[in-house]
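Novice: Chains as they are written, first to last, in my numbering: chain A, 1 to 586; chain B, 1 to 314.
Note that these hints are calculated values from the structure, not bench results.
It should be emphasised that the depicted structure is a prediction, and the values quoted were computed from it without experimental measurement.
Please note: incorrect hints may appear among the correct ones.
Here are some, though not all, of the chain A residues that point toward chain B, as calculated from beta-carbon distances under 10 Å [what the hints assert, rightly or not]: (1) 142; (2) 147; (3) 148; (4) 257; (5) 273; (6) 401; (7) 403; (8) 525; (9) 536; (10) 537; (11) 567.
Here are the computed lysine-lysine pairs in the PhoX-like style, where the Cα-Cα straight-line distance is at most 20 Å [to be verified]: (12) A:251 with A:161; (13) A:344 with A:253; (14) B:306 with B:229; (15) B:171 with A:546; (16) A:546 with A:309; (17) A:553 with A:309; (18) B:78 with A:560; (19) A:501 with A:310; (20) B:171 with A:553; (21) A:501 with A:240; (22) A:161 with B:60; (23) A:253 with A:310.
Restraint-style ranges between C-beta atoms, simulated for each label pair [unchecked claim]: (24) A:508 with B:180: 56 to 64 Å; (25) A:549 with B:99: 44 to 52 Å; (26) A:360 with B:247: 36 to 44 Å; (27) A:113 with B:121: 47 to 55 Å; (28) A:107 with B:48: 21 to 29 Å; (29) A:431 with B:39: 56 to 64 Å; (30) A:433 with B:48: 22 to 30 Å; (31) A:360 with B:134: 30 to 38 Å; (32) B:71 with A:134: 28 to 36 Å; (33) A:290 with B:153: 49 to 57 Å; (34) A:107 with B:247: 51 to 59 Å; (35) B:90 with A:488: 58 to 66 Å.
Here a beta-carbon is modelled for each residue, glycine too, at the ideal position from N, C-alpha and C.
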Amino acid sequence: MKKNILQKVLVFALTGAMAMGMLSGCGNSGADSSNTSDTQTTTDNAATDNSAATDNSAATDNNAADTATEPAADGAAGVEGYEAFADNVTLKVAVYDRGVEGVPTVDDNYWTKWVQENFGDKYNITVQYVPITRTDVMTDYALLAAADDLPTILMEYDYPKVAQWANDGYLTTYDLNEFAQVAPTYYQRMVDNNQIPYTEMGGETYFALALRPYYNTTYTYQNFVRMDWLREVGYEEVPKTYDDMVDALTKIKEAGLCEYPGSPIVTNKMVAVGADTQNYPFRTYPLNEEEWVMYGDYNVVPMNWEPTKKYLQAANELYNLGITNPEYYITDDETWKADFINGKAFNYSQYISANMDFLNSFYENNPDAELAIVPADAEYGGSYGYRTDNPFGMIICFSSSATEDELKAAWMYMEWMTQEENLFTMQWGIEGENYTVENGLPVSVADYSGDYTQGFNNSKDYWCVTIESRNAGTIEEIIAATTPTGLPQDFTQDVIDFYNKRLEISTTDYACTDAIFAVALESVSEYSGTLASLWTEYYDTLTMCKPEEFEAKYEELSQKYLDAGFQEIADERLDAFNAGNTTKLQ
Amino acid sequence: MAKSKTSEPAVKVKTTWKNAFKRDWQLYLLLLIPLALVFLFSYAAYPGLRMVFMNYKPAKGYAGSEWVGLDIFRKIFKDADFLRALRNSLVFNFLDLIVGTPIPILLALLLNELRYPKFKKVSQTILYLPHFLSWAIIGSVAYQLFKPSSGLINILIMNMGGESVPFITEKWHWAVTYLLVGVWQTMGWGTIMYLAGITSISGELYEAAMIDGAGRWKRMWHITLPGIKPTIITLLIINLGRVMNSNYERLAVFGNSQVRDFQYQLAIYIYEKGLGNLQFSMATAVGLFQSVIGVILVLLADKFAKMLGEEGLL
Numbered sequence: 001m002k003k004n005i006l007q008k009v010l011v012f013a014l015t016g017a018m019a020m021g022m023l024s025g026c027g028n029s030g031a032d033s034s035n036t037s038d039t040q041t042t043t044d045n046a047a048t049d050n051s052a053a054t055d056n057s058a059a060t061d062n063n064a065a066d067t068a069t070e071p072a073a074d075g076a077a078g079v080e081g082y083e084a085f086a087d088n089v090t091l092k093v094a095v096y097d098r099g100v101e102g103v104p105t106v107d108d109n110y111w112t113k114w115v116q117e118n119f120g121d122k123y124n125i126t127v128q129y130v131p132i133t134r135t136d137v138m139t140d141y142a143l144l145a146a147a148d149d150l151p152t153i154l155m156e157y158d159y160p161k162v163a164q165w166a167n168d169g170y171l172t173t174y175d176l177n178e179f180a181q182v183a184p185t186y187y188q189r190m191v192d193n194n195q196i197p198y199t200e201m202g203g204e205t206y207f208a209l210a211l212r213p214y215y216n217t218t219y220t221y222q223n224f225v226r227m228d229w230l231r232e233v234g235y236e237e238v239p240k241t242y243d244d245m246v247d248a249l250t251k252i253k254e255a256g257l258c259e260y261p262g263s264p265i266v267t268n269k270m271v272a273v274g275a276d277t278q279n280y281p282f283r284t285y286p287l288n289e290e291e292w293v294m295y296g297d298y299n300v301v302p303m304n305w306e307p308t309k310k311y312l313q314a315a316n317e318l319y320n321l322g323i324t325n326p327e328y329y330i331t332d333d334e335t336w337k338a339d340f341i342n343g344k345a346f347n348y349s350q351y352i353s354a355n356m357d358f359l360n361s362f363y364e365n366n367p368d369a370e371l372a373i374v375p376a377d378a379e380y381g382g383s384y385g386y387r388t389d390n391p392f393g394m395i396i397c398f399s400s401s402a403t404e405d406e407l408k409a410a411w412m413y414m415e416w417m418t419q420e421e422n423l424f425t426m427q428w429g430i431e432g433e434n435y436t437v438e439n440g441l442p443v444s445v446a447d448y449s450g451d452y453t454q455g456f457n458n459s460k461d462y463w464c465v466t467i468e469s470r471n472a473g474t475i476e477e478i479i480a481a482t483t484p485t486g487l488p489q490d491f492t493q494d495v496i497d498f499y500n501k502r503l504e505i506s507t508t509d510y511a512c513t514d515a516i517f518a519v520a521l522e523s524v525s526e527y528s529g530t531l532a533s534l535w536t537e538y539y540d541t542l543t544m545c546k547p548e549e550f551e552a553k554y555e556e557l558s559q560k561y562l563d564a565g566f567q568e569i570a571d572e573r574l575d576a577f578n579a580g581n582t583t584k585l586q
Numbered sequence: 001m002a003k004s005k006t007s008e009p010a011v012k013v014k015t016t017w018k019n020a021f022k023r024d025w026q027l028y029l030l031l032l033i034p035l036a037l038v039f040l041f042s043y044a045a046y047p048g049l050r051m052v053f054m055n056y057k058p059a060k061g062y063a064g065s066e067w068v069g070l071d072i073f074r075k076i077f078k079d080a081d082f083l084r085a086l087r088n089s090l091v092f093n094f095l096d097l098i099v100g101t102p103i104p105i106l107l108a109l110l111l112n113e114l115r116y117p118k119f120k121k122v123s124q125t126i127l128y129l130p131h132f133l134s135w136a137i138i139g140s141v142a143y144q145l146f147k148p149s150s151g152l153i154n155i156l157i158m159n160m161g162g163e164s165v166p167f168i169t170e171k172w173h174w175a176v177t178y179l180l181v182g183v184w185q186t187m188g189w190g191t192i193m194y195l196a197g198i199t200s201i202s203g204e205l206y207e208a209a210m211i212d213g214a215g216r217w218k219r220m221w222h223i224t225l226p227g228i229k230p231t232i233i234t235l236l237i238i239n240l241g242r243v244m245n246s247n248y249e250r251l252a253v254f255g256n257s258q259v260r261d262f263q264y265q266l267a268i269y270i271y272e273k274g275l276g277n278l279q280f281s282m283a284t285a286v287g288l289f290q291s292v293i294g295v296i297l298v299l300l301a302d303k304f305a306k307m308l309g310e311e312g313l314l
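With the rest of the complex left out, here is chain A:
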């Protein structure tokens, strides 16, 4: 029988198609092909922009890369001196993917395109955003590092993490003078805010620091409680001491207002406890500096430390009084939020912003309810001590595989984002769409959803490369702009009061920041994972045991915890302190 030609062709075509399909699975050819087209368009645009830029600028030096090491011909540093790169440069910038609903795709949306058009195209740079899973940052970066595909700009809020990156070879060192040349505004701001000491690790310059305005007051995280229930049991304001709060909650439970109200006393939410625990209100101030270095950090819980013991004792009492839901350890945040919305919980806490979904839903379900925020001088742990944030926002790092041009593009990007007009547009969006102007100040449109929808929290994950919050006007005006609007209650004054109280406390010993280490601690990377899971297990055991068993169990488990690696961490921290490699207690 003669072979059918069609059959042959089909076999070839089919095999070919399948093989190509399969091979395209390896590597990121999909992304590559789109890049090519991107590059082409950007090159086109940049070509025109380039000529325009040369026309306008006084600089005679056409090779932009040179400006990285030498000042521009006319001495203009910063954005005015920028020229387009001769060859297109790809700038990869990390951006958190928080898996939140209702926000556009993090690496491809109106605002990423806006950056490309207004920054990238101008200087012949292709800006690519690399999504980083918010809940699994370290693994995501490790995979990128293993694939030799780290973004040019890496970012993290926690110093121990970036210290580990520096130690593991993810990062490049850089020259602050060169940086100052390309990004003078950014650099000067670091100088003005005393951030330069934090740029170093082991004597080398690794990091640049974004600004965190009002870092020492941390007023943006608020705990909302049921004021109407408190009134019903005879409290005219939110109780500020442990005893009063427990009394109020017990009465709320007895009055049948809520079966398991929960409390803002230990964990803010009555859910399975996470790896980190803030025992700041349970500490005795002023702190002993050595203890502060060894145990003061909240990422790895110091289980053997007295404040943690007090914290656990409180958790145990609340559980045994029936204030805590006996199923709390198999409850997640979403369930707790739903409980609050449905009037089955006493409190819920979150970062405040102009539009807070859970509050909208809460008032829809409970139109007659009244909420209040927990005041700054509540001292449920025995003091109103609290953790001030780091004196910086994002810690900006640069990939060890970045070329000189990529590094320069990264600095240009940071400087460009710091320029007032660019930052304002990124933070607020488009007038008449994302915000309106009232009394000379921008006000976000509460429930905007359209083509210009911003990323999570007003696109913060993009502009955090330079600053941590939106700041239009005085602190009162800023608070007014970031407090939820369109609700039956207005919390602006409460938050302002909270801020003022915190500001007062911030000058005392009760405002406590964590020690920052200028060396990478091996023991932390070795044991923190194990200790985190041990902590969640032990926390629950100690919370749910009978009060009379608490003491013995605590002794046994905290010893086990020390043996599982915490002792080594404490020792290594103390060594670093003695060697002068840490910040000092202020």
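For chain A, the structure is supplied; the task is to place chain B on it using the hints.
Specialist: Relative to chain A, chain B alone:
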């Protein structure tokens, strides 16, 4: 039952490699695809295994990471957590095997006895369905059902005057729940192979047995079961190879702090200590250890099956 033996062809046809290729080149071309896939995903990654002898750091890569010989293995075998995870993995996987093997067989026998075809099909489909549910869904449904005070089943028990049962919050109860939900998820799917085996049994055997006066039970015992014996043994050997593995998703969705003593199995160990602490060498070393033990178990089981006069797998 007589063993089917492949008989020698009567006429030996000389086929050269070239001729065969010329004749069936399309088929060979198509074969390239699965071969390439297997090569790519099963073998091309093998060189990566050398990280078990290194202190592998992602940014330094293979070239820059330090060689440490057997240090990683020494560290693992001295680790009390590893031993606990190993013990739990072995115990639970053997229990899974013991509970999980007979139930699909029983179910296949029962399904085979159903005479009304539509009912049989519907039952089969319903039984298969759990196999297609992800563990995330099964886990959250299980929690909704079994929570100590707000779970549906416990609410029912308490309404009838009983006491709440800690199905998923006390380790011994948890162990039973964990195993039974596992069986529930896989049993329907497991029947497919056995039903296929049953279909291939000649109908004449049943007819002959019926003429000889064998009832339903006798026919099942003497014809159906021996008929699917090779299938049972093959599946058992394959499953033995998995005794060291554990399914991270299944463990994760059922986990909570109160059952960690039992829930802490190798998959959790690898994820928390290896990947969570970015100790890739360690994670890989435990993975390799699991695979090697798995292969040894398969080989042993195969040998044992052959000793018993069965065909085995290899």
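Novice: Each hint should be assessed against the structure and marked as holding or not.
Specialist: Hints versus structure:
no.: 1; hint: 142; result: 5 Å, holds
no.: 2; hint: 147; result: 8 Å, holds
no.: 3; hint: 148; result: 7 Å, holds
no.: 4; hint: 257; result: 18 Å, violated
no.: 5; hint: 273; result: 8 Å, holds
no.: 6; hint: 401; result: 8 Å, holds
no.: 7; hint: 403; result: 16 Å, violated
no.: 8; hint: 525; result: 6 Å, holds
no.: 9; hint: 536; result: 5 Å, holds
no.: 10; hint: 537; result: 5 Å, holds
no.: 11; hint: 567; result: 16 Å, violated
no.: 12; hint: A:251 with A:161; result: 44 Å, violated
no.: 13; hint: A:344 with A:253; result: 11 Å, holds
no.: 14; hint: B:306 with B:229; result: 13 Å, holds
no.: 15; hint: B:171 with A:546; result: 19 Å, holds
no.: 16; hint: A:546 with A:309; result: 15 Å, holds
no.: 17; hint: A:553 with A:309; result: 11 Å, holds
no.: 18; hint: B:78 with A:560; result: 17 Å, holds
no.: 19; hint: A:501 with A:310; result: 25 Å, violated
no.: 20; hint: B:171 with A:553; result: 19 Å, holds
no.: 21; hint: A:501 with A:240; result: 14 Å, holds
no.: 22; hint: A:161 with B:60; result: 17 Å, holds
no.: 23; hint: A:253 with A:310; result: 24 Å, violated
no.: 24; hint: A:508 with B:180: 56 to 64 Å; result: 58 Å, holds
no.: 25; hint: A:549 with B:99: 44 to 52 Å; result: 35 Å, violated
no.: 26; hint: A:360 with B:247: 36 to 44 Å; result: 40 Å, holds
no.: 27; hint: A:113 with B:121: 47 to 55 Å; result: 53 Å, holds
no.: 28; hint: A:107 with B:48: 21 to 29 Å; result: 28 Å, holds
no.: 29; hint: A:431 with B:39: 56 to 64 Å; result: 58 Å, holds
no.: 30; hint: A:433 with B:48: 22 to 30 Å; result: 50 Å, violated
no.: 31; hint: A:360 with B:134: 30 to 38 Å; result: 32 Å, holds
no.: 32; hint: B:71 with A:134: 28 to 36 Å; result: 34 Å, holds
no.: 33; hint: A:290 with B:153: 49 to 57 Å; result: 53 Å, holds
no.: 34; hint: A:107 with B:247: 51 to 59 Å; result: 32 Å, violated
no.: 35; hint: B:90 with A:488: 58 to 66 Å; result: 59 Å, holds
The earlier numbered hints that this structure contradicts are 4, 7, 11, 12, 19, 23, 25, 30, 34.
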